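Colleague: Sequence:
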Amino acid sequence: MVINGLDILLRNPEVLKNRRVGLIANQTSVSMQLDYSWTLLRRAGVELTRIFSPEHGLFAVEQDQVAVGHQPDTGCQIVSLYGDSEQSLAPARELLEGLDIVLFDIQDVGSRYYTYVNTLALFMEAAEGLDIEIMVLDRPNPLGGATLEGPQLDPAFHSFVGVMPVPVRHGLTAGEIAHFYRDYKKLDLNLSVVTMQNWQREMLFPETGLPWVPPSPNMPTFQVAEVYPGMCLFEGLNVSEGRGTTTPFLLSGASFVDPEELAARLASIPLEGVVFRPTWFRPTFHKYGNEAIGGIYLHVTDHARFRPFATAVAMTCALRELYPDQLRFLDGVYEFRDDIPAFDLLAGSGAIRSMILGGAPAETVIASWEKDEAEFAAIKPNFHLYDV
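Using our numbering, the letters of the sequence shown correspond one by one to residues 1 to 388.
No lab work stands behind these hints, which were simulated from the structure alone.
These numbers come from a predicted model, not from an experiment.
Mixed in with the good hints, there may be bad ones.
[Stated by the list, open to error] In the DSBU-like style, the derived pairs of lysine-lysine whose C-alpha atoms are separated by at most 30 Å in a straight line are:
no.	residue 1	residue 2
1	186	371
2	186	380
3	185	371
4	185	380
[Said to hold, decoys possible] Simulated restraints, written as ranges between beta carbons of each label pair:
no.	residue 1	residue 2	range
5	290	217	17 to 23 Å
6	88	367	35 to 41 Å
7	33	329	23 to 29 Å
8	302	364	19 to 25 Å
9	95	336	16 to 22 Å
10	35	95	25 to 31 Å
11	221	280	19 to 25 Å
12	374	77	43 to 49 Å
13	188	338	29 to 35 Å
14	125	304	35 to 41 Å
15	325	88	35 to 41 Å
Glycine residues also receive a C-beta, built at the ideal position from the N, C-alpha and C atoms.
Generate coordinates for the entire structure from the input sequences, incorporating the hints supplied.
Modeller: What follows is the structure, encoded as structure tokens:
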């Protein structure tokens, strides 16, 4: 079984003795016995001064892009790092005063979009030059650490869903990506990582032996996390990504979709490790709330061969081909930006959308990020904390 950084730290909590401790955490910050970190740290005699919670709140009460309001009483000050403005995403300097060390202990899902390691990155920037140690209590990348996929981020498309110039599926743990970001930004920062025991790079989350605690409201299972690096793109389309159902991101659809027609078109594209099942569903909220719509359910049949980002891009190509007059790329405010379409912020540039709108076949679009993958694969091992 994999042993998380939290459990390893708690074997020797003396390293925190006489230090004023901050904690970036949510409900995934648990031991192997599913006890919360803040409870265990206090029990170990640690002076826990302040808890910082990421998007969705300490217990993931809020949906995506909703400012966190209610915070439960834990006997400690809780500061939200996701409010109603971009300035809320990083802590004010006065909130760092009086802290000697800040622990980061949140389960990531291994995608550039997922905002928890982006919260860590912005916190690192806020702490630069201060006499504060940032200690990452490492946890597994649920998608493994060997495979990467997708284009890197164009810095002009920086947003809260695109902070680091890494592929969409980056293959790094939180501790590893923290080292990458410190190097990339050349931060003057005291950074340390409590590494896991027994984690191997090729492991998917079910192989770790650890319990899955949903890290956010629409990430109920590993199966959802596995498709998320691709299907999150649909947040930028007038197509439901399955929010408002019990299987978000596995389900997708729209009022204009003919399920059988779409499934047949997708079956003709050479994608490996996935089967597209035509279906109907009724989201209870979000896009097409309370409307029965046609769509697709993704069934991953081969974890090693499945490429979620390529799959979602191919699905977008098929939707554009079949429903050119109905499919729309959404405008408006998305993660505090209103000047760039959400699809482009997620993709990391405008290139993929332009190719799709230009009628490029899925195979051509998918081949377009091979250079980016190769470039990142060459530097990625410099930040590995675990054997290949």
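Colleague: Against this structure, judge whether each hint is valid.
Modeller: Verification of the hints:
1. 186 - 371: holds, 25 Å
2. 186 - 380: holds, 17 Å
3. 185 - 371: The given pair, whose Cα atoms are some 23 Å apart, holds under the 30 Å limit.
4. 185 - 380: Answer holds: residue 185 to residue 380 is near 16 Å, not above 30 Å.
5. 290 - 217: 17 to 23 Å: Holds - the Cβ-Cβ distance for residue 290 and residue 217, about 19 Å, lies within 17 to 23 Å.
6. 88 - 367: 35 to 41 Å: Because 39 Å falls inside the window, the suggested range holds.
7. 33 - 329: 23 to 29 Å: Given range 23 to 29 Å: violated, Cβ gap about 46 Å.
8. 302 - 364: 19 to 25 Å: holds, 24 Å
9. 95 - 336: 16 to 22 Å: holds, 20 Å
10. 35 - 95: 25 to 31 Å: For residue 95 against residue 35, whose Cβ atoms are near 26 Å apart, the range 25 to 31 Å holds.
11. 221 - 280: 19 to 25 Å: Holds, at about 22 Å.
12. 374 - 77: 43 to 49 Å: Check passed, 46 Å falls within 43 to 49 Å.
13. 188 - 338: 29 to 35 Å: holds, 33 Å
14. 125 - 304: 35 to 41 Å: For residue 125 and residue 304 the Cβ distance comes to about 36 Å; the hint holds.
15. 325 - 88: 35 to 41 Å: Because 39 Å falls inside the window, the suggested range holds.
The structure fails to meet hint 7 from the earlier list, while all remaining hints are met.
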